[in-house]
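Trainee: Residue numbers (the numbering used here), protein chains in the order written: chain A, 1 to 231; chain B, 1001 to 1195.
Don't take each hint at face value.
Once the Cα atoms are required to be at most 16 angstroms apart in a straight line, the calculated EDC-like pairs of lysine to aspartate or glutamate come out as [claimed, not checked]:
{"no.": "1", "chain 1": "A", "residue 1": "Lys142", "chain 2": "A", "residue 2": "Glu111"}
{"no.": "2", "chain 1": "B", "residue 1": "Lys1183", "chain 2": "A", "residue 2": "Glu17"}
{"no.": "3", "chain 1": "B", "residue 1": "Lys1183", "chain 2": "A", "residue 2": "Glu44"}
{"no.": "4", "chain 1": "B", "residue 1": "Lys1013", "chain 2": "B", "residue 2": "Glu1076"}
{"no.": "5", "chain 1": "B", "residue 1": "Lys1183", "chain 2": "A", "residue 2": "Glu161"}
{"no.": "6", "chain 1": "B", "residue 1": "Lys1180", "chain 2": "A", "residue 2": "Glu111"}
{"no.": "7", "chain 1": "A", "residue 1": "Lys67", "chain 2": "A", "residue 2": "Glu17"}
{"no.": "8", "chain 1": "B", "residue 1": "Lys1194", "chain 2": "B", "residue 2": "Glu1151"}
{"no.": "9", "chain 1": "B", "residue 1": "Lys1183", "chain 2": "B", "residue 2": "Glu1151"}
{"no.": "10", "chain 1": "A", "residue 1": "Lys90", "chain 2": "A", "residue 2": "Glu42"}
{"no.": "11", "chain 1": "B", "residue 1": "Lys1180", "chain 2": "A", "residue 2": "Glu45"}
{"no.": "12", "chain 1": "B", "residue 1": "Lys1180", "chain 2": "A", "residue 2": "Glu161"}
{"no.": "13", "chain 1": "B", "residue 1": "Lys1180", "chain 2": "A", "residue 2": "Glu163"}
{"no.": "14", "chain 1": "B", "residue 1": "Lys1053", "chain 2": "B", "residue 2": "Glu1068"}
{"no.": "15", "chain 1": "B", "residue 1": "Lys1180", "chain 2": "A", "residue 2": "Glu17"}
{"no.": "16", "chain 1": "B", "residue 1": "Lys1183", "chain 2": "A", "residue 2": "Glu45"}
{"no.": "17", "chain 1": "B", "residue 1": "Lys1017", "chain 2": "B", "residue 2": "Glu1056"}
{"no.": "18", "chain 1": "B", "residue 1": "Lys1044", "chain 2": "B", "residue 2": "Asp1006"}
If you're looking for bench data, these hints aren't it; they were derived computationally from the structure. These numbers were taken from a predicted model, which means no experiment stands behind them.
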Amino acid sequence: MKNLDDLEFSILFYLQEGTQRIRTLSSLVGVPMSTVYRKIGELEERNWVNVRNREVSLSEKAVLLLKQKFEVVVGVIHVEHQMLNKILLKASQPSGWEQQIKVVVEISESESLDYAIAAETAAYLYTGYQTPSACIAYIREKDKKTWIQFLKERGYRQNSEGELADIVLFSVRSVPQTISLNGVKCVSRKRVFLEGLSLMGRGLLDSLVISKSLEERIFLTVPEELTDVVA
Amino acid sequence: MLLLDDFILACQKSNAKYALVGAWALIQITRYRTTHDVDAAVLKTDLWKLREKFEEIGYFYLYNPRLEKHEFKHTEKGDIDVYTEKIGGIPIEQLIDRASTIVLEGQSLRCVSPEDLILVKLVAGRERDMADIAVVLYHLIEKLDWNYLNEEARKLDIKLKEGLINCVQRLPITVPNPPKVRKQLTERINDLSKS
């Protein structure tokens, strides 16, 4: 999937005014209905819009992002784009996220493959707040086959429908800059902050915790609070 | 020792009837993300025994009248929040009666039913609650007692359909093909929920 294009930005712009019919959007942006359908489909896949009975509205994620600072929104679009190509893997035996990180670090060290732990996994390593459900990491696109091969040798398989993955790998051209946390290479706090915003849900909670150390402010659209030790 | 271990041990020693409510209740469905806090429904008659056990292991007690919750606070470990009247409008007795036992790493835990978990989290309506509901729906949508959900949502005056569809937008990144799953779940919610 490619990055957001001009037409998609135009559609998002008009949706700020409220729910629109596809026919109306077609005349507002000046392209055929078939093109609008395609673009709406792409925006829906990325969770930017909702479509019901041929009516399109901004998703809660889009509404949340529109309330943030411009630099934050640009950052979220950037990291979201890098998280689109993902590989989901399931361990043969139930084991915790710590074990998955161990496997990723071992493969990286033995095969000289680069990685960067990201999203909820990095958030936990920084904050100790919400336990991650999986090991999430960036890898280089050119190393993708090698990673899959070595993970399969260690008993991992491609995720099936109805399951939650144990390892999520984002394949990117160049792995983001990292910081070592107890020997584990993690993306920066700022990046974890942006990834959380992009992912919503509990990701937003990670962003809230990280925002305290970055002195960033998130403008929330639904109530949220930090009720325990971190608060 | 984790807050959860402290809570379970205190309940066992005081013979208190309880049901875990917060993110820990999700453990019955899948190993998903949790914070350190423990939220639980406890019978009012068991509260004093529980309080005694917590104070023995270094917790201090506070009552939060606004949220009608009993807070057991530990300076290093965090908070255990206990509710003895209602959670999200559902009576504690009902939550405890419908709770089920699960075994986690050799330890028995009582957790509220998935339907009650959805309802109390829908009423709370925070990001974390909606994300947790998305995980429950992903795993159990066809197994839920929709008659109970619809009936209780009506009593609680919750817009069930709208609320659940919003939750589905918070599917975790570990789900394969989220757009497809979002669409499928939304269609099923439209079929199964009445309000």
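Trainee: All hints are to be evaluated individually against the structure, with a verdict given for each.
Mentor: Hints, verified against the model:
1. Annotation: proposed proximity of Lys142(A) to Glu111(A) holds, straight-line Cα distance about 14 angstroms (limit 16 angstroms).
2. For the given pair, Lys1183(B) sits about 25 angstroms from Glu17(A) by alpha-carbon distance, which is inconsistent with the 16 angstroms threshold.
3. For the hint linking Lys1183(B) to Glu44(A), the alpha-carbon distance of about 10 angstroms falls within 16 angstroms, and the restraint holds.
4. Between Lys1013(B) and Glu1076(B) the CA atoms are separated by roughly 22 angstroms; this puts the pair beyond 16 angstroms, and the hint is violated.
5. Annotation: proposed proximity of Lys1183(B) to Glu161(A) holds, straight-line Cα distance about 14 angstroms (limit 16 angstroms).
6. Simply put, Lys1180(B) and Glu111(A) have alpha-carbon atoms about 35 angstroms apart, too far for the 16 angstroms limit, and the pair is violated.
7. Using a Cα cut-off of 16 angstroms, the hinted pair Lys67(A) and Glu17(A) holds, with the two alpha carbons roughly 14 angstroms apart.
8. Note on Lys1194(B) and Glu1151(B): the hinted pairing holds, with a Cα-Cα distance of about 9 angstroms set against a maximum of 16 angstroms.
9. Between Lys1183(B) and Glu1151(B) the CA atoms are separated by roughly 25 angstroms; this puts the pair beyond 16 angstroms, and the hint is violated.
10. A threshold of 16 angstroms between alpha carbons decides the hint, and for Lys90(A) with Glu42(A) the separation of about 27 angstroms lies outside it, so the pair is violated.
11. For the given pair, Lys1180(B) sits about 8 angstroms from Glu45(A) by alpha-carbon distance, which is consistent with the 16 angstroms threshold.
12. Taking the CA atoms of Lys1180(B) and Glu161(A), the gap is about 10 angstroms. The hint holds against a cut of 16 angstroms.
13. This hinted pair checks out: Lys1180(B) and Glu163(A) have alpha carbons roughly 14 angstroms apart, not beyond 16 angstroms.
14. Between Lys1053(B) and Glu1068(B) the CA atoms are separated by roughly 21 angstroms; this puts the pair beyond 16 angstroms, and the hint is violated.
15. With a CA separation close to 27 angstroms, the supplied pair Lys1180(B) and Glu17(A) exceeds the 16 angstroms bound.
16. A C-alpha spacing of about 10 angstroms is found between Lys1183(B) and Glu45(A), which places the hinted pair at or below 16 angstroms, so the restraint holds.
17. Restraint check: the Cα-Cα separation between Lys1017(B) and Glu1056(B) comes to about 19 angstroms, which exceeds 16 angstroms; the hinted pair is violated.
18. As the CA atoms of Lys1044(B) and Asp1006(B) are separated by approximately 19 angstroms, the hinted pair breaks the 16 angstroms bound.
The structure does not agree with the numbered hints 2, 4, 6, 9, 10, 14, 15, 17, 18 stated previously, though it agrees with the rest.
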